[in-house]
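2 protein chains.
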Amino acid sequence: MNSEKKFKAFGDSLLNFLYSLAKSRASGTWTGEKVSNSVLSQALIASKVDQPGGLDKHEKGDFVEAYIAQAWIEKVITTDEAVDVLVKSLKRHDLEREEKKAVVEAFKDLLNCIEKKR
Amino acid sequence: MNSEKKFKAFGDSLLNFLYSLAKSRASGTWTGEKVSNSVLSQALIASKVDQPGGLDKHEKGDFVEAYIAQAWIEKVITTDEAVDVLVKSLKRHDLEREEKKAVVEAFKDLLNCIEKKR
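Line order of the protein sequences matches chains C and R.
If you count the first sequence from 1, position 110 lands on 110 in this note's numbering, and the numbers rise without skipping.
If you count the second sequence from 1, position 41 lands on 41 in this note's numbering, and the numbers rise without skipping.
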C-alpha cells in the first residue's frame, strides 16, 4: 500500500486520540497525550510494514500517521479495534517506568495488525 | 452537571479529533486541526449550558473540554453524533473566509445538543 501524504495531518489528530484513549483505559486515569514522531519512527522500524527507503525519523513518523489514518478511513480497522490492540500492548509494560518502550511496542503491534488485515 | 476537571486533558485530544474529522468531512479534504481555548470559550458563552461564574477564557476552554469529554465517556453522545452536529454547523459557513466564526457556532451547537440530552 502507498500511504498517501494527504492523510498525515488527520493521522496526527487520530493517533493522539487513539493513544489518549488507550492510555486512559490501560492506566485507569483519563489523560490526553501526544505521540512523538520519534516513537512512531521506532515502531515502524520494528514492524513488518513495508516502508519506502531513505526516510528520516520525521518522515517515518509522517508515514505511520498516514498509514494508520488511511486504514482507519478505509475501515480496515475501527477505533475500538485499534484501541484494543494498543491497550493490550500497553498493559504488558509498567507505564510509569517505561512508557516510551510501551508506546513503541503498542504502535508496532497496531501497524502489524493493520498489515495483516490488508 | 459538574464537569470534572479530570476529563480535561482527554477532552483536548477528543475535541481536536472530532473537529479534524468534522472539518475533513465538511471541506472534502483530510486535515488535522487544533481547537483553541478562545474558540471554546466563545462557544460556551453563546450556548445554553450552565457554567460556573468567575472563569477566565482559559478556564472556560478547559470547562468545555471536560464537559464534552464527560458526555462522550458517559455515552450521552457518540463520536458519529458529535461529528454530525459539527459538520451540519460548519457547512452553513464559508470555512475559508470565516473559519473561526464557524468553529464557535459548531461547538455551540454541540454543547446545546449535549445539554438537551442530559
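Keep in mind that the hints were calculated from the coordinates and are not lab data.
Treat the hints loosely; a few may be bogus.
It does not matter which identical chain is used: a pair holds within one copy or between any two.
Stated by the list, open to error - DSSO-like, lysine-lysine: derived pairs with alpha carbons at most 27 Å apart: (1) Lys5 to Lys91; (2) Lys6 to Lys88; (3) Lys57 to Lys100; (4) Lys48 to Lys88.
**OP:** Determine which of the earlier numbered hints do not hold for this structure and return their numbers in increasing order.
**Re:** none
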